[in-house]
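Work the whole structure out from these sequences, hints included.
Okay, here's what each chain looks like letter by letter:
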Amino acid sequence: MPEQQYEPGTHPDLPPPFAASGPVKWVRENLFSSPTNIALTVLAMFFLYKIIPGMFAWTFTDATFVAADRNECRALNSGACWAFIAQRWELFTYGFYPETERWRVIITFVLFVATVILLLWEKCPGRQYRFIVGALFPMVALWLIVGGSSTEAALMAYAAALVVAYFVYQRFGHNLSARFWFSLLAFVLVAIGVYTLWTAMGWSMLEHVSTDKFGGFMLTLIIGVTGITLSLPLGILLALGRQSNLPIIKYACIGFIEFIRGVPLITLLFVASTMLSYFLPPGTNFDLLLRVLIMVTLFASAYMAEVIRGGLQAVPKGQTEAADAMGLKYGPAMRLIVLPQALKISIPGIVNTFIGLYKDSVLVIVIGLLDPLGIGQASLADTKWQGLSTEVYLFVAIFFFVSCYAMASYSRHLEDKLHTGHKR
Amino acid sequence: MSTEKIQQELGDVAIKIRQMHKWYGAFHVLKDINLDVHSGERIVVCGPSGSGKSTMIRCINRLEEHQKGDIIVDGVELTNDLKNIEAVRREVGMVFQHFNLFPHLTVLENCTLAPIWVRKVPKAEAEATAMQYLERVKIPEQALKYPGQLSGGQQQRVAIARSLCMSPKIMLFDEPTSALDPEMIKEVLDTMIELAQEGMTMICVTHEMGFAKTVANRVIFMDEGQIIEQNEPEEFFNNPQNERTQLFLSQILNH
Ligand SMILES: Nc1ncnc2c1ncn2[C@@H]1O[C@H](COP(=O)(O)OP(=O)(O)O)[C@@H](O)[C@H]1O
Ligand SMILES: [Mg+2]
Chain A
1 MPEQQYEPGT
11 HPDLPPPFAA
21 SGPVKWVREN
31 LFSSPTNIAL
41 TVLAMFFLYK
51 IIPGMFAWTF
61 TDATFVAADR
71 NECRALNSGA
81 CWAFIAQRWE
91 LFTYGFYPET
101 ERWRVIITFV
111 LFVATVILLL
121 WEKCPGRQYR
131 FIVGALFPMV
141 ALWLIVGGSS
151 TEAALMAYAA
161 ALVVAYFVYQ
171 RFGHNLSARF
181 WFSLLAFVLV
191 AIGVYTLWTA
201 MGWSMLEHVS
211 TDKFGGFMLT
221 LIIGVTGITL
231 SLPLGILLAL
241 GRQSNLPIIK
251 YACIGFIEFI
261 RGVPLITLLF
271 VASTMLSYFL
281 PPGTNFDLLL
291 RVLIMVTLFA
301 SAYMAEVIRG
311 GLQAVPKGQT
321 EAADAMGLKY
331 GPAMRLIVLP
341 QALKISIPGI
351 VNTFIGLYKD
361 SVLVIVIGLL
371 DPLGIGQASL
381 ADTKWQGLST
391 EVYLFVAIFF
401 FVSCYAMASY
411 SRHLEDKLHT
421 GHKR
Chain B
1 MSTEKIQQEL
11 GDVAIKIRQM
21 HKWYGAFHVL
31 KDINLDVHSG
41 ERIVVCGPSG
51 SGKSTMIRCI
61 NRLEEHQKGD
71 IIVDGVELTN
81 DLKNIEAVRR
91 EVGMVFQHFN
101 LFPHLTVLEN
111 CTLAPIWVRK
121 VPKAEAEATA
131 MQYLERVKIP
141 EQALKYPGQL
151 SGGQQQRVAI
161 ARSLCMSPKI
171 MLFDEPTSAL
181 DPEMIKEVLD
191 TMIELAQEGM
201 TMICVTHEMG
211 FAKTVANRVI
221 FMDEGQIIEQ
231 NEPEEFFNNP
241 QNERTQLFLS
251 QILNH
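These protein sequences, in sequence, are chains A and B. The first sequence finishes on residue 424 if you use our numbering, and the numbering steps up by one all the way, no holes. The second sequence finishes on residue 255 if you use our numbering, and the numbering steps up by one all the way, no holes.
Keep in mind the hints are simulated off the structure, nothing from the lab. Ideal placement from N, C-alpha and C gives every residue a C-beta, glycine not left out. Relax, there's no trap hidden among the hints.
Simulated crosslink set (BS3-like; lysine-lysine; CA at most 30 Å straight-line):
| no. | chain 1 | residue 1 | chain 2 | residue 2 |
| --- | --- | --- | --- | --- |
| 1 | A | K317 | A | K344 |
| 2 | B | K68 | A | K329 |
| 3 | B | K169 | A | K317 |
| 4 | A | K317 | B | K120 |
| 5 | A | K123 | B | K123 |
| 6 | A | K344 | B | K123 |
Which bits of chain A does chain B cover? Going by a derived footprint, with three or more residues having C-beta under 8 Å, they are:
| no. | region |
| --- | --- |
| 7 | 310-322 |
| 8 | 325-331 |
| 9 | 335-342 |
| 10 | 414-421 |
Quick look at the structure:
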């Protein structure tokens with residue numbers, strides 16, 4: 001059939017021909033584009049054909065899901081023995097968190113998921129409250145997971161002091177500085193008052209759970225989420241500090257970054273678990289998990305700082321010049337012009353650091369905290385279930401893979417969303 | 001000098017540069033620059049590449065720091081005092097060769113950012129003003145697009161609108177058309193001509209001699225960091241005095 005003829009300048013927009021788009025095009029271009037490519041495709045197909053059925057059978061069809069011990073597993077079927085994992089599931093999830101209190105962890109997790117959705121999903125209803133929710137969640141989570149009179153006293157003191165200080169700031173004092181000092185005074189007084197009262201009365205809504213009971217996926221999530229949320233802002237500050245014109249700030253930041261990067265994380269964790277007790281005054285009880293959180297955060301923030309510095313350097317100089325020429329001060333220029341662009345450029349590196357931090361959390365095993373890997377190893381020592389390391393490690397690997405892949409996917413989505421020009 | 005005294009002495013002088021020198025390391029880029037720009041005056045600066053034109057106009061809003069001499073802009077002396085620098089930058093708009101639009105913000109956001117954050121104008125008002133200026137540069141329909149989706153000429157017009165949104169008293173242009181494809185130069189020059197006709201004080205580094213002849217009150221020729229010659233456009237083009245000016249003009253006019 002001959003092509004229809006059009007007058008010059010009247011040709012309409014047409015969809016591309018079928019072979020130029022869609023799956024057929026993709027297969028042709030990516031799998032069968034050249035003899036080498038065809039050979040590789042065939043080889044890969046053959047390889048997959050050889051290993052996939054076996055893997056599938058081991059994992060699913062030949063696997064045992066219910067059994068009392070290893071021997072029963074073996075007697076029932078030839079594949080994986082998931083019964084082991086099923087039996088230890090709670091240990092893998094909560095560590096040694098008291099059984100009667102585990103509902104608190106579940107509620108925290110549900111709240112965590114809800115907060116993450118609120119913060120990350122642009123079309124989420126109620127998104128205008130994301131800052132309040134984001135600020136409240138850590139406190140609520142701390143209360144739910146740790147509980148106990150002194151935690152509650154601290155949180156209550158903080159909350160009450162904040163409310164009273166806000167009220168004072170609204171009502172009292174004629175000028176800004178008087179209001180500020182009044183509200184600061186109110187804050188301190190109320191905080192001390194409420195804390196003393198609460199602890200003196202021994203009030204407690206939730207039973208205290210000591211952090212050495214934490215373990216499993218819960219521990220990984222606590223370390224990962226805390227480290228991730230704190231290391232980003234800290235990394236930004238360090239990166240900006242490194243560029244500062246003030247030598248003291250600049251060299252303090254460089255010194256910090258280079259020191260932390262130059263030391264293995266394990267060393268820092270050992271420092272956290274042993275040496276800090278020498279430096280701190282005797283008698284101070286500085287929670288081990290808290291020390292670990294600080295060390296992991298500092299470690300990640302040093303890497304974060306370098307990733308973000310790379311992003312800052314990639315923002316053209318003309319951007320700051322344009323901001324300067326308009327009379328923007330340093331703060332707004334950074335926050336509104338330079339950082340959004342630098343962070344966007346650094347997304348792959350930032351997420352890379354996040355994922356690294358998240359996976360490095362298994363290193364806490366060396367100082368006696370039981371993350372999923374630690375629980376797994378401890379479980380393997382059970383004589384009833386010997387020789388099941390493949391199942392255990394695969395299970396832990398899948399947990400890590402799912403969380404890390406989710407982070408990676410979100411980062412790709414974010415990159416696409418923030419893309420504002422033509423793709424090259 | 002007190003600000004009032006400076007203002008008395010200046011009369012309607014918008015920019016006053018006296019015996020100004022600048023070095024990059026040991027390299028003496030600007031040598032004894034003296035220049036008075038009156039309110040409403042339109043000055044075109046030309047000269048060979050590397051002669052210090054950009055450096056000179058960037059000293060006027062302190063994107064570059066001069067090391068000797070005085071620069072007084074709109075009655076404010078440029079010193080290390082950040083307050084003065086900010087005061088000057090609020091009143092002086094600048095348009096760059098490579099536009100320097102903010103790629104992560106829409107055209108409208110580009111235009112409202114400085115009014116909102118520097119002049120503390122309410123958002124709705126800033127947007128209304130921005131739309132007026134975008135209409136003046138004839139691209140109101142692009143307001144919600146990102147700079148990366150516009151042509152070079154459109155981007156440069158947005159950059160001009162963005163500067164105008166701050167209601168500057170003085171506009172600086174650094175080769176605003178040299179990064180543009182030939183067919184887009186005219187649309188930008190037309191915008192600038194319109195601006196000139198409304199009485200804006202302008203200093204414009206450009207090699208567009210047609211523009212210079214149409215709107216300039218004065219053309220300045222720079223070479224090797226010095227102002228070699230300045231004159232009204234007619235005299236400057238028809239009767240250049242210095243032989244370096246003659247050489248330069250013969251080069252750019254004959255090609
Ligand atoms: N940041 C800088 N550091 C060192 N030398 C510079 C810098 N910027 C410009 N120069 C030099 O100063 C001279 C004048 O530059 P410029 O003002 O950009 O010239 P023009 O705009 O007239 O082409 C050139 O020789 C250039 O190489
Ligand atoms: Mg230049």
